[in-house]
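Listed below are the residues making up each chain.
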Amino acid sequence: MSKHTFSLGGVHPHDNKISRECAIQPLPIAPTVYLSVAQHIGAPSVPVVKVGDKVKVGQVVAEPGGFVGAFIHSSVSGTVKSVAPRADLAGRMSTHIEIAVEGDEWLEGIDTSDTLITTIPDDPKAIIDKVRLGGVVGLGGATFPTHVKLSPPPGSKCERVIINGCECEPYLTSDFRTLLEKGEQVVVGAALLQKAMGGVPCTIAIEENKPEAIAHIREVIAKLGYADMDVMVMKMMYPQGGEKQLIDAVMHRQVGSGALPISVGAVVQNVATALAVYDAVQKNKPIVDNSVTVTGECFPRQANLLVRVGTPLQYIIDYLGGVPADAAKVISGGPMMGRAVANLQAATVKGTGALLFLTEKQTRRAPETNCIRCGKCADACPMGLEPFLLNKLSKAQDWEACEANAAHDCIECGCCLYSCPAHIPLLDNIRVGKGFVLSAIRARAAAAKAAAEAAKK
Amino acid sequence: MSKLLVSPSPHIHSKDSTKSLMLDVVIALIPAVLCSVIFYGWQELLVLGVSVASCVLLEWAITKYMLKAPSTIGDLSAVITGILLALNVPYTTPWWVIVIGSVVAIGVAKMTFGGLGQNIWNPALVGRVFLLVSFPTYMTTWKQPQGLFGVDAISGPTPLGTIQEGLMQGSTVQELTAAYDYKSLLLANLGGSSGEVCALALLLGFVYLCVRKVIKPWITLSIFATVAVTALIFWGINPDRFTDPLFNLLTGGLILGACFMATDYVTSPMSLWGGVVFGVGIGFLTMMIRYFGSYPEGVSFAILIMNSVVPLLNRWFKQKKFGRK
Ligand code: SF4
Ligand code: SF4
Chain A
0 MSKHTFSLGG
10 VHPHDNKISR
20 ECAIQPLPIA
30 PTVYLSVAQH
40 IGAPSVPVVK
50 VGDKVKVGQV
60 VAEPGGFVGA
70 FIHSSVSGTV
80 KSVAPRADLA
90 GRMSTHIEIA
100 VEGDEWLEGI
110 DTSDTLITTI
120 PDDPKAIIDK
130 VRLGGVVGLG
140 GATFPTHVKL
150 SPPPGSKCER
160 VIINGCECEP
170 YLTSDFRTLL
180 EKGEQVVVGA
190 ALLQKAMGGV
200 PCTIAIEENK
210 PEAIAHIREV
220 IAKLGYADMD
230 VMVMKMMYPQ
240 GGEKQLIDAV
250 MHRQVGSGAL
260 PISVGAVVQN
270 VATALAVYDA
280 VQKNKPIVDN
290 SVTVTGECFP
300 RQANLLVRVG
310 TPLQYIIDYL
320 GGVPADAAKV
330 ISGGPMMGRA
340 VANLQAATVK
350 GTGALLFLTE
360 KQTRRAPETN
370 CIRCGKCADA
380 CPMGLEPFLL
390 NKLSKAQDWE
400 ACEANAAHDC
410 IECGCCLYSC
420 PAHIPLLDNI
430 RVGKGFVLSA
440 IRARAAAAKA
450 AAEAAKK
Chain B
0 MSKLLVSPSP
10 HIHSKDSTKS
20 LMLDVVIALI
30 PAVLCSVIFY
40 GWQELLVLGV
50 SVASCVLLEW
60 AITKYMLKAP
70 STIGDLSAVI
80 TGILLALNVP
90 YTTPWWVIVI
100 GSVVAIGVAK
110 MTFGGLGQNI
120 WNPALVGRVF
130 LLVSFPTYMT
140 TWKQPQGLFG
150 VDAISGPTPL
160 GTIQEGLMQG
170 STVQELTAAY
180 DYKSLLLANL
190 GGSSGEVCAL
200 ALLLGFVYLC
210 VRKVIKPWIT
220 LSIFATVAVT
230 ALIFWGINPD
240 RFTDPLFNLL
250 TGGLILGACF
260 MATDYVTSPM
270 SLWGGVVFGV
280 GIGFLTMMIR
290 YFGSYPEGVS
300 FAILIMNSVV
310 PLLNRWFKQK
320 KFGRK
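Protein sequences, first through last, are from chains A and B.
Numbered per numbering that gives the first Met the number 0, the first sequence spans residues 0 to 456.
Numbered per numbering that gives the first Met the number 0, the second sequence spans residues 0 to 324.
No wet-lab data here; the hints were simulated from the structure.
No residue lacks a Cβ here, since even glycine has one placed at the ideal position from N, Cα and C.
Be careful, since some hints might not be right.
The list that follows gives simulated cross-link-like pairs (lysine-lysine, DSSO-like), each with its CA atoms no further than 27 angstroms apart [as the list claims (entries may be wrong)]:
1) B:K212 / B:K317
2) A:K80 / A:K53
3) B:K319 / A:K234
4) B:K215 / B:K319
5) B:K319 / A:K391
6) B:K320 / A:K391
7) B:K215 / B:K324
8) B:K63 / B:K18
9) A:K2 / B:K319
10) B:K320 / B:K212
11) A:K2 / B:K317
12) A:K360 / B:K14
13) A:K394 / B:K67
14) A:K360 / B:K212
15) A:K234 / A:K16
16) A:K55 / A:K80
17) B:K324 / A:K2
18) A:K391 / B:K317
19) B:K324 / A:K156
20) B:K215 / A:K234
21) B:K14 / A:K16
22) B:K215 / B:K320
23) A:K55 / A:K282
24) A:K16 / A:K2
25) A:K282 / A:K124
26) B:K2 / B:K14
27) B:K212 / B:K319
28) B:K18 / A:K360
29) A:K2 / B:K212
30) A:K222 / A:K282
31) B:K317 / B:K215
32) A:K234 / B:K320
33) B:K14 / A:K234
34) A:K391 / B:K14
35) A:K80 / A:K49
36) A:K360 / B:K2
Every beta carbon over 10 angstroms from chain A, so not counted as near; a handful from chain B, in silico [unchecked claim]:
37) I61
38) I72
39) P93
40) Y207
So here's chain B without its partners, still in its complex pose (with noise of 0.2 angstroms):
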């Protein structure tokens, strides 16, 4: 002991960093990511492996050369953005199209706010979005994937999108669902995204995350209750025309948006309050869109909606203080 240090207390400090939280979000991730790379075999590998390389590589390139900051990617936000950019497009989206969107994510939602913590929307969602509006045929069409089971290809679009179509063309919806079967729809649902493919494996990270006391499962599960209830709602007055409850819950990216993008902390509210309006305006927005909308999930937009509102939120839910009125 040469000198004592003298500073203010607390003198210790808990186990968590910025750093041990997201490597927890990835951990959470691990069982969706095995899901997809199961089912849809080395080309969803090469998405992920671009999706997350050219995140963490952009936002490397971003502090060091245009900041001159030091770096946060230590921080494995990128990496994070990185696998739900991935997960959030279908697995044959070529490669110069998950850079594009990894540019948007990284560079415009993410870095131009001030980096992590900064940011209004969700990076990730903005990318996907992004590529949504830009490349519609990539992302909502899907091919029956070859997986390690070598199946032939077959093209066609998302659950959702199909029900849209045959909706427009005069079938009811009894006739459109009756092709899925839940069971499939919650163990291996194969269109969309790639990584909806497995809603077990989603909710299996879910579920650790709120063990492990990362996330709080309000706004999540605010956003089931309320995707159910509008469901139900609409559902038990005109079943022809409109989707039951658990087909809206099992696909278009609901479980992977309510449980891991609305979740994300920088772009969510913080009280328990704020956390659930913001997660019954998610669910309320996601099925007027699905009903009303012209895209048929809407996920996506619901959330990007709603992290526009979060400091208002924050704002008017605030927790009571104590031993004051």
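This is chain A alone, in the form it adopts within the complex (with noise of 0.2 angstroms):
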């Protein structure tokens, strides 16, 4: 059994992979859809194209609103129906492209061939440029816009790159699937980022319930025969997944609160995204699709799916055969960290990695009952906070004291409020607490600023 896995805290969630054997299967295109401008982290994209305009697949739709933003690529060919405010998954508008599809036609210059390109170009900035141009942000759930990733600021250098293999969120399947078919690929964009981060080692993390995609990617590793990459086998532990998680269990360093990953010479990319690296820079191919697993065990057919980006929740969820009757909850990602969504119309963005469908059964929340101070709370928080504390003063609204006991550092991972036995809701007031911190360290920083620069006049 593995040993590798970070040092604090953790649960053993069940892990639930029930659609891991369902290959990737190409989802039918939707006849129509829709592309949030805003499906990463960062400023939201601004549209360039307008209604009726013509669109191939692969076309840029909307540009970056700024360094940290992305392109967003049209998904499908056909016709731009309109450019307005639409439901997102919680409810919330935002600006969506429509865009009526007509056939499957791709711009010139994208390689849709299955032709494996293994040579790696010789100059890092034209990596990080095409990872720009092809619009690929972090897979992983965050988002985060890949190339800024990919430039660290200076001052600090990047000493290893890891790939995030590990699934550590019950049910989902499609890193694994993804592992397992685009071995290949996967490991071919690993070596691209380590050559744009100036040639580093670099580590491919897979927890140890993943045996076949371990033996798989070692054997193409040893295949295609790049320097300096390994595969670490972990220990099965939720949040391992977790940024700052995983490069404590590879690297043995902790990124300081509030800091990022490069600060502890470390840049992290999961499965999914190298995938994106590899299409992006090898085939010229933008992101215009990604993998879905669509399961639950009240779900009749498990599946993992290629899904075009910006398709309706409703159309994968019809193409499956309905929402089951016993579904009380459906959730876009893994039922740890996964949003549930209010509206089935919503579509797709980049980082939908999963569609799971729970029972009330399943998802129902007890009863809150009084803390029995177990500790069980603080003994499962990964970043070696005190939720019971941490809830009571957020209850209280405390939050200096919030700030003093570092509810800010909360990576909202959920394992305190999965393993309170007095069912209390940790997190939810949690959350509070860290929003209100999070205001008041950058009103902070906003007045510092502000003052440093009326010192200078």
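Two independent chains are provided; combine them into the complex using the hints.
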């Protein structure tokens, strides 16, 4: 059994990877897709098409709204029907580009063949630029623009690229399937990332519940012969896929509060992102589709589907037979950190990795009772926080004490709430405290900056 | 599907609940309960029955009629208090004394603080100490039990009590402990509280709790270690005056206290080092009371004293936060 894991906390939910045998199948293209301009962290993108324009697959439809931003490409060929606000999965409005699909015509210059291209370009800058042009964002959940991560601020240096193949959330299997079915491409993507960061070593971290993927990727690395690349077998532990936790597990370095991974010399990208990097750099193919696990015990058909970005959730679900009668909750993502879907008409985004159906029984929260001071929440917290205390402080609205007790370090992994035998909604309350602390910190930084500028004048 | 549930993550929960954890504690107590019933017979059954029933009834009545709040007896914590109180008194204790003990345990030590989770002191121990102080004769003498074997009844003090009296009369510890065979102390220790009858049964329950991850072993182990080391030092210096480590580990309710009372979630520290300090404190105080105090058995007092400093221990010994100095 592997011993590699992070040093604090963590829980072992049942992994429920019931869709692990489902190979990735392309989903037929929906009649209409809706591309959100806000599907990454950072400034929303700016649409560059107007109603009536004809677009092809892979054509830019929105440009980055700032350095921390991303290109958005059309995932289909057809006609732009509207550029207008539309509700996302939580029901919040944001601008979407609506495209009525006609055929499936790809932009010239995109290599849609299966030929594997293993030669790595010499110029790191060229790689990073292609990543940017391909609209690549982190597909592990955070959807942070990848080219920004690959451009470390002056003074910091990357020492290791970590490819996150942990997929530690229960139920999800799309990364696992990608490792099995597109292992070569992922490994080439990893090599591209190594090169982009200046030829640093690379670790592909995979949890031990995926032995087939571990064996396959080891074989592929041996076959392709890239230097300084290895697979690290990780102990099963949630939230191992959390960036800070994974760096701790692989490099035994802890990223400080509020600091970025690069401050300890790490760049982490997940498996799907490595594949997207491969596509963007070697095949000129921007992100137009991604793999989505559709699963749940109450769902009659488990599946991994290759879905065009912007496909309405309802379309995916209907393709597989509709929402089962006993499903009470639909989750975009995994059961620990995923978001409950309020609006099935919402369209997928680049970061959509799973649709999970849970029954009332699986997801119902038991009524809250007295804290019995068992300390299980603190034992489970991967950030070494005291959730029972933060819960109390948040409820008392004592934001200063929240900050003193590091509420803003919370990564919202949910381990505390998951473990609490008294069913106290710890994370619900801690989120509130974290929000207030973060805005206080931002306000202080802004005030300090203003004061410094005033002093200069 | 009519309407989708929308709530924040996480969307699943572990199987643990307060009730399931408490049920595990009850299960862990079964070997000790069985042993005490086998050795002490129907009288012990009566003690257990009265104790559990009065604890549960009392909690139910207090929540219903005084607090006018939803009943909390479903969490089983009152059952545990009842069992522990019963195991902490001799099997000969009259039923009305036990009822008084449960009033103190549940009514005073638990519910006036706001119920489970809010109390500072372990309820069963508060009950026991109250009885010890108020009814010393019932609490420190025992009778050779009828058990299931029907032996004649003889009465006398508990092992630690015997030693203390003997020492006062000028005997040496060696002469006094010669009467006790350690193997029988481990397997069938007749004398003292009914729960002490079989150390092995208690340890079995302790191992079960650790395996089920209900508790962590640090508190208990540091109590054992501290008692052993302290006794070793004193006994090494003067074996005529001080009892040896093994004798101290096996008598006076130490195992019962260390495994089931000191590990009570509510009244023990949360962090690893807090727990270790807590355990060392209990072990050391126990030995000081035993060697130099006027009560032959010190565990209950030691635990209650250390219960009072738990809030401080929780403040001083915190888990190191991730990525912070
Ligand atoms: S959600 Fe926050 S407080 Fe709770 S366990 Fe995770 S990091 Fe700790
Ligand atoms: S897990 Fe729940 S009951 Fe236990 S200490 Fe934390 S908040 Fe209290």
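Hints, one by one, checked against the model:
1. B:K212 / B:K317: 20 angstroms, holds
2. A:K80 / A:K53: With a Cα-Cα distance of about 10 angstroms, the restraint between A:K80 and A:K53 holds, given a limit of 27 angstroms.
3. B:K319 / A:K234: 22 angstroms, holds
4. B:K215 / B:K319: 18 angstroms, holds
5. B:K319 / A:K391: With Cα atoms ~20 angstroms apart, B:K319 and A:K391 stay inside 27 angstroms; holds.
6. B:K320 / A:K391: 18 angstroms, holds
7. B:K215 / B:K324: 26 angstroms, holds
8. B:K63 / B:K18: Holds: B:K63 and B:K18 sit about 20 angstroms apart, inside 27 angstroms.
9. A:K2 / B:K319: 21 angstroms, holds
10. B:K320 / B:K212: 23 angstroms, holds
11. A:K2 / B:K317: Cα-Cα ~25 angstroms, so holds.
12. A:K360 / B:K14: 12 angstroms, holds
13. A:K394 / B:K67: It holds: about 24 angstroms lies between the C-alpha atoms, which stays within 27 angstroms.
14. A:K360 / B:K212: Holds, at roughly 25 angstroms.
15. A:K234 / A:K16: Judged against 27 angstroms, a Cα distance of about 16 angstroms means the pair holds.
16. A:K55 / A:K80: It holds: about 14 angstroms lies between the C-alpha atoms, which stays within 27 angstroms.
17. B:K324 / A:K2: 25 angstroms, holds
18. A:K391 / B:K317: 17 angstroms, holds
19. B:K324 / A:K156: Holds: B:K324 and A:K156 sit about 23 angstroms apart, inside 27 angstroms.
20. B:K215 / A:K234: Distance of about 22 angstroms is within 27 angstroms: holds.
21. B:K14 / A:K16: 19 angstroms, holds
22. B:K215 / B:K320: 20 angstroms, holds
23. A:K55 / A:K282: Between A:K55 and A:K282 the Cα gap is close to 16 angstroms, so the pair holds against 27 angstroms.
24. A:K16 / A:K2: Distance ~22 angstroms between A:K16 and A:K2 Cα, so the pair holds.
25. A:K282 / A:K124: 17 angstroms, holds
26. B:K2 / B:K14: Holds: B:K2 and B:K14 sit about 26 angstroms apart, inside 27 angstroms.
27. B:K212 / B:K319: 22 angstroms, holds
28. B:K18 / A:K360: Holds, because 18 angstroms separates the two Cα atoms, which is no more than 27 angstroms.
29. A:K2 / B:K212: Given that 27 angstroms is the threshold and the Cα spacing comes to 20 angstroms, the pair holds.
30. A:K222 / A:K282: 21 angstroms, holds
31. B:K317 / B:K215: Since the Cα atoms of B:K317 and B:K215 sit roughly 16 angstroms apart, the hinted pair holds (cutoff 27 angstroms).
32. A:K234 / B:K320: 22 angstroms, holds
33. B:K14 / A:K234: The given pair, whose Cα atoms are some 22 angstroms apart, holds under the 27 angstroms limit.
34. A:K391 / B:K14: 24 angstroms, holds
35. A:K80 / A:K49: Holds, at about 8 angstroms.
36. A:K360 / B:K2: 15 angstroms, holds
37. I61: 14 angstroms, holds
38. I72: 12 angstroms, holds
39. P93: Correct as stated: the minimum Cβ-Cβ distance to chain A is 33 angstroms, above 10 angstroms.
40. Y207: 17 angstroms, holds
Hint compliance for this structure: no hint is broken.
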